[in-house]
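Go by the hints and put chain D onto chain B.
In order, the protein sequence lines correspond to chains B and D. Numbering of the first sequence is given in numbering that gives the first Met the number 0, commencing with residue 0 and proceeding in unit increments. Numbering of the second sequence is given in numbering that gives the first Met the number 0, commencing with residue 0 and proceeding in unit increments.
In case anyone wonders, no lab produced these hints; they're calculated from the structure. Hints may contain errors.
As the list claims (entries may be wrong) - Here are some chain B residues pointing at chain D (derived, C-beta under 10 angstroms):
(1) 20
(2) 38
(3) 42
(4) 46
(5) 56
(6) 73
Stated by the list, open to error - Here are the computed lysine-lysine pairs in the DSBU-like style, where the Cα-Cα straight-line distance is at most 30 angstroms:
(7) D:300 - B:89
(8) D:352 - D:30
(9) D:300 - B:86
(10) D:30 - D:19
(11) D:53 - D:352
(12) D:289 - D:268
As the structure is a prediction and not an experimental result, all values here were calculated from the model. Where is the CB? At the ideal position from N, CA and C, for every residue including glycine.
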Amino acid sequence: MLEINCPYCGPRFETEFSYGGEAHIERPKDSENLTDEQWGDYVFMNSNTKGVFLERWVHTSGCRRWFNVARDTVSYQILAVYETGAKPPKLDLRNDV
Amino acid sequence: MKSRYSIFSLMRNALSYHEKWPEAWRSPEPKPSYDVIIVGGGGHGLATAYYLAKLHGIHNVAVIERGWLGGGNTGRNTTIVRSNYLWDESAALYEHALKLWEGMSQELNYNVMFSQRGVMNLAHNQHDLRELSRRINANRLNGVDSEFLTPQQIKDLVPIIDLRGNGRYPVLGASMQRRGGTARHDAVAWGYARRADEQGVDIIQECPVHGFEIENGKVVGVQTAKGLIKAKKVGVVVAGHSSVMAEMAGIRLPLVSHPLQALVSEPVKPVIDTVVMSNAIHAYISQSDKGELVIGAGVDKYVGYGQRGSLPVTEETLAAVCELFPSLKRMRMMRQWGGIVDTCPDASPIISKTPVEGFFINCGWGTGGFKATPGSGWVFADTIANDRPHPLNEAFSLERFNSGYLVDEHGAAAVAH
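Isolated chain B, as found in the complex (with noise of 0.2 angstroms):
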């Protein structure tokens, strides 16, 4: 059971939250332009990272809000919570996969 910080209400038990995947992902600005190769990419491609990984989770049965959180994806450890929209914070990420 992950213990997940919301920035909004504070801790509470993952069963609360919904997971929302890959975060920092864009939207290509220039789609018109787009190869099916660039739209594919953009679609269904992830990195799906041993080790550090951000992604995006939402409160579902809390506050409702969306924020993003860095999380070692083989020890499960929660490195950093932040919102939305913000960069996210330097971490020394592993690299012993």
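What follows is chain D alone, placed relative to chain B:
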């Protein structure tokens, strides 16, 4: 040819107190180069190596495994085998696998304990019933055996089920694939390993891969803990770690890796002689030959590489199992574990060439890879040997995420992925 396993070899070895059984496969040091290197020594990888040698005459093959044979998802699944998939492409692939299962013990001279005890998928509401009927019809049109069971027929087959589901999960019907069933998962890996080894395949365990040597867009070797091993072709079939491996070759994949968990109970007398799956609850249950109830649960919703499942998922699954089978309420669970499944956006696998020449990938099996083991190895070997996809896996290319020709088995595949 190694000595065959038979009643006579069993008796002969009994005379020497079973102390002189020959090793089932060698543990050689890697050669400097191979025609094909398969990364991943699970069922799929070993089957690939076996079919490369047996059907395509490529014997200079190595299987490189980070841990031990079948120690990943091959040894962590709930051993269910079925082929009742909705879409034509999937039905063809999984049915091909099921046909290979039916002759596997004889072909490998290894008892994989394939037991065609039937696989049942329950419907709990009107929508489930419609989806189920649609899938049954699609299966039959594709030559896959599938039939509808009424609640009474279900009760006759599985007396411990509560058709009212405590009011919460009423059972309104089920699809039944009688040719489906279970198999002994470890034996599948060991059987393929033994036969592949016999054909000259080198199986190298405890040898993590650190990277791939790529020159002018063509793969030329694999960097491992035992040094650089040259290869003309490389096939990667590593399930949960596919994204990590592909990244080393500069390829991005559409996968998300989740922990999927399962658990077994204490052994009891026979209470269920088929497999019962419920899509709505994402719980499935069968009984092993030892008497343990084998229960499969859902995935953790977040990306995870820790081989354990989270407890809320366990709780939800067991709560549903208890409502469907009230007599199991006081059963104690003995073990719980997790495997890392590589789920694809369309819940179908990727068995494909890649932008890197000579580099092939077989991944994205998600929560349902075990049933496909022989078929997956068969088509992957064919793809690697001929440098083009076999008609059976043409639809499962990496290219489909650019063209949009997805094989969307989400929910359609008889169980939620």
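Taking the hints in turn, this is what the structure says about them:
1. 20: holds, 7 angstroms
2. 38: holds, 7 angstroms
3. 42: holds, 8 angstroms
4. 46: holds, 7 angstroms
5. 56: holds, 8 angstroms
6. 73: holds, 5 angstroms
7. D:300 - B:89: This hinted pair holds, its Cα atoms lying about 26 angstroms apart.
8. D:352 - D:30: holds, 25 angstroms
9. D:300 - B:86: Given that 30 angstroms is the threshold and the Cα spacing comes to 24 angstroms, the pair holds.
10. D:30 - D:19: Answer holds: residue 30 (chain D) to residue 19 (chain D) is near 28 angstroms, not above 30 angstroms.
11. D:53 - D:352: Holds - the C-alpha atoms of residue 352 (chain D) and residue 53 (chain D) are around 22 angstroms apart, at most 30 angstroms.
12. D:289 - D:268: Holds: residue 289 (chain D) and residue 268 (chain D) sit about 9 angstroms apart, inside 30 angstroms.
In this structure, every one of the numbered hints holds.
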